[in-house]
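Chemist: Chains as they are written, first to last, in my numbering: chain A, 1 to 156; chain B, 157 to 517.
The set of hints was computed from the structure by calculation and includes no laboratory data.
Glycine residues also receive a C-beta, built at the ideal position from the N, C-alpha and C atoms.
Mixed in with the good hints there might be a few duds.
As the list claims (entries may be wrong) - If you anchor each label on the Cβ, the simulated ranges turn out as follows:
#1 34/A x 483/B: 43 to 49 angstroms
#2 133/A x 431/B: 45 to 51 angstroms
#3 34/A x 214/B: 57 to 63 angstroms
#4 34/A x 338/B: 21 to 27 angstroms
#5 143/A x 248/B: 37 to 43 angstroms
#6 20/A x 200/B: 47 to 53 angstroms
#7 248/B x 133/A: 50 to 56 angstroms
#8 231/B x 34/A: 41 to 47 angstroms
#9 443/B x 34/A: 52 to 58 angstroms
#10 433/B x 79/A: 31 to 37 angstroms
#11 272/B x 34/A: 30 to 36 angstroms
#12 133/A x 433/B: 14 to 20 angstroms
As the list claims (entries may be wrong) - Here are a few chain A residues that face chain B, going by a calculated C-beta distance under 10 angstroms:
#13 18
#14 41
#15 59
#16 61
#17 80
#18 136
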Amino acid sequence: MSPTPPTVLLDRSFVEALRDDAHEAHARVVECYRELVDDYEARRIRLRARIDVLGRRDPLFAPVERIHIAAQHRRAASRLVRSPIGVAVVVATDPSIGHAIDPAIGESGDPPADVPVLLDEDTALTLVLMRREGITRIATLDATFDAFELTVFPAA
Amino acid sequence: MSLDVDPAPEGIDATELEPPPRTRIPLSAVPRDPFFWVRVVAMICYGIGYVYWFRTKGLIIDRISVALSVAIFLSCAFAGKPWRRWAILLIDATLYALMWFCYEMTRGAADHLGFPLQVQALRNIDKFLFFGTDPNVWMQRRFYHPGAAGIRWYDDVASATYYTHFVFPVIAMAVVWAASRYQWVRFMKRFATLLGVACVMFVVFPTVPPWMASSPKYHYRILPPLARHTGRGFTDLGFHGFVKGWQQALDWGNAIAAMPSLHAAFSLFVPAFYLPWIRRKPLKALVLVFPLIMLTSLVYFGEHWVIDGLVGWALVGGSFWFWDRVERWQRERRAALALHTLDEREAMSGVRGASVATAAL
Numbered sequence: 001m002s003p004t005p006p007t008v009l010l011d012r013s014f015v016e017a018l019r020d021d022a023h024e025a026h027a028r029v030v031e032c033y034r035e036l037v038d039d040y041e042a043r044r045i046r047l048r049a050r051i052d053v054l055g056r057r058d059p060l061f062a063p064v065e066r067i068h069i070a071a072q073h074r075r076a077a078s079r080l081v082r083s084p085i086g087v088a089v090v091v092a093t094d095p096s097i098g099h100a101i102d103p104a105i106g107e108s109g110d111p112p113a114d115v116p117v118l119l120d121e122d123t124a125l126t127l128v129l130m131r132r133e134g135i136t137r138i139a140t141l142d143a144t145f146d147a148f149e150l151t152v153f154p155a156a
Numbered sequence: 157m158s159l160d161v162d163p164a165p166e167g168i169d170a171t172e173l174e175p176p177p178r179t180r181i182p183l184s185a186v187p188r189d190p191f192f193w194v195r196v197v198a199m200i201c202y203g204i205g206y207v208y209w210f211r212t213k214g215l216i217i218d219r220i221s222v223a224l225s226v227a228i229f230l231s232c233a234f235a236g237k238p239w240r241r242w243a244i245l246l247i248d249a250t251l252y253a254l255m256w257f258c259y260e261m262t263r264g265a266a267d268h269l270g271f272p273l274q275v276q277a278l279r280n281i282d283k284f285l286f287f288g289t290d291p292n293v294w295m296q297r298r299f300y301h302p303g304a305a306g307i308r309w310y311d312d313v314a315s316a317t318y319y320t321h322f323v324f325p326v327i328a329m330a331v332v333w334a335a336s337r338y339q340w341v342r343f344m345k346r347f348a349t350l351l352g353v354a355c356v357m358f359v360v361f362p363t364v365p366p367w368m369a370s371s372p373k374y375h376y377r378i379l380p381p382l383a384r385h386t387g388r389g390f391t392d393l394g395f396h397g398f399v400k401g402w403q404q405a406l407d408w409g410n411a412i413a414a415m416p417s418l419h420a421a422f423s424l425f426v427p428a429f430y431l432p433w434i435r436r437k438p439l440k441a442l443v444l445v446f447p448l449i450m451l452t453s454l455v456y457f458g459e460h461w462v463i464d465g466l467v468g469w470a471l472v473g474g475s476f477w478f479w480d481r482v483e484r485w486q487r488e489r490r491a492a493l494a495l496h497t498l499d500e501r502e503a504m505s506g507v508r509g510a511s512v513a514t515a516a517l
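All chains, please: the whole structure from these sequences, using the hints.
Modeler: Here is the structure:
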């Protein structure tokens, strides 16, 4: 008996690296996944992933719960890509632009016309689902998530 | 998972090696579900309406009205959520209604299925537990004062505690339903198990409650007459409508479905489920006093034997224990399957790598 354990979301990059033994980060991801599964078994975490990332049933992901994606999530992701926060992510993750940003840009700033919006729809969809499901931990190799106040696995 | 940091070399201030703090975007910068506030406002309005109805017209108590009120609450709680969530909600609600339907049917038929009525055995167990004293009789002789002038503060407390049975489990269930399906499933597995076992016991051990065993209207008369004064404390508190509604609802209840006491069971079930969310130990202890007050009230009112309540508590403990074991077993099985598959694939990729290397040589 205990409250809901915190969720760790398995991102597409993490799942692909886990499946592909030729991936350069495969060994690191395997090690991380073993630790996550141990934590799951001890009921310290829940493991979840987008249903389109997991694909068909795979015993490798037996402990992972599927998150279904609705049309409203996709619409929200499209809006997010075009919103100021998309620009904020570019500024935060692109060293050529600079590392310091004003968090308020996500709330009220307008995107400067000359800054490309690099937050793709897939990443935006993950962010939308994380926001709606209250998930703050993610297993990913995608550096975009470093720009957010999230606990990222595997640790850098 | 640990976030180990390498120690700084000797003689160097570790803070000098740290990169400048980097501003990270809070996840709250991602817009929330636009229907979030619609749901919040709708649920607040529902809560106000529920309390108003409770004060003016009495509590919603008959099963159809309770089902409708829960349906309205869930409609508020799920407004704007994806259609798939609604479909799951519909399936859950159907199973939920089916569970209560089976419960009502079984409980109602409990005394027509041929199992012998339990009268003296329960009294004997209670007398054994209390060193030869009938706890129902002792409590009423000691604390009960007939008439409106005889109502004491503890009558109000006992009566209010008794009637929480019709409110708290439903509210607890609705809250967990709206908040988290993960927790809802955990709640319902335990709750349905409790109800299921209770129904079997209603059939196998149809039990005459103390008020009936003492009543001159029935032929048992194994106890001195007991007052069945459940409602007077609540009437004293001003809840006339509710008491009237409850007495009407009794018409289709089954009086001999007394073993186990679901009043006692639910009064432990709800606090036991929510206990892990309560951080402070004194508050935890206070919450666990509630089932004790409930059982004391049931005995005082002559509604149940003490053993009915103890068996109800035991069923709650058994239900939690059983599902905790099952869920742990499921976690272990899934984890083992995942790790086994991972090991197999790693071994295969190792063999494949070795084959490639051999072929290259």
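Chemist: All hints are to be evaluated individually against the structure, with a verdict given for each.
Modeler: Cross-check of the supplied hints:
no.: 1; hint: 34/A x 483/B: 43 to 49 angstroms; result: 22 angstroms, violated
no.: 2; hint: 133/A x 431/B: 45 to 51 angstroms; result: 25 angstroms, violated
no.: 3; hint: 34/A x 214/B: 57 to 63 angstroms; result: 58 angstroms, holds
no.: 4; hint: 34/A x 338/B: 21 to 27 angstroms; result: 24 angstroms, holds
no.: 5; hint: 143/A x 248/B: 37 to 43 angstroms; result: 40 angstroms, holds
no.: 6; hint: 20/A x 200/B: 47 to 53 angstroms; result: 50 angstroms, holds
no.: 7; hint: 248/B x 133/A: 50 to 56 angstroms; result: 18 angstroms, violated
no.: 8; hint: 231/B x 34/A: 41 to 47 angstroms; result: 44 angstroms, holds
no.: 9; hint: 443/B x 34/A: 52 to 58 angstroms; result: 39 angstroms, violated
no.: 10; hint: 433/B x 79/A: 31 to 37 angstroms; result: 34 angstroms, holds
no.: 11; hint: 272/B x 34/A: 30 to 36 angstroms; result: 58 angstroms, violated
no.: 12; hint: 133/A x 433/B: 14 to 20 angstroms; result: 19 angstroms, holds
no.: 13; hint: 18; result: 8 angstroms, holds
no.: 14; hint: 41; result: 4 angstroms, holds
no.: 15; hint: 59; result: 4 angstroms, holds
no.: 16; hint: 61; result: 7 angstroms, holds
no.: 17; hint: 80; result: 6 angstroms, holds
no.: 18; hint: 136; result: 6 angstroms, holds
Checked against the numbered hints above, the structure breaks hints 1, 2, 7, 9, 11 and satisfies the rest.
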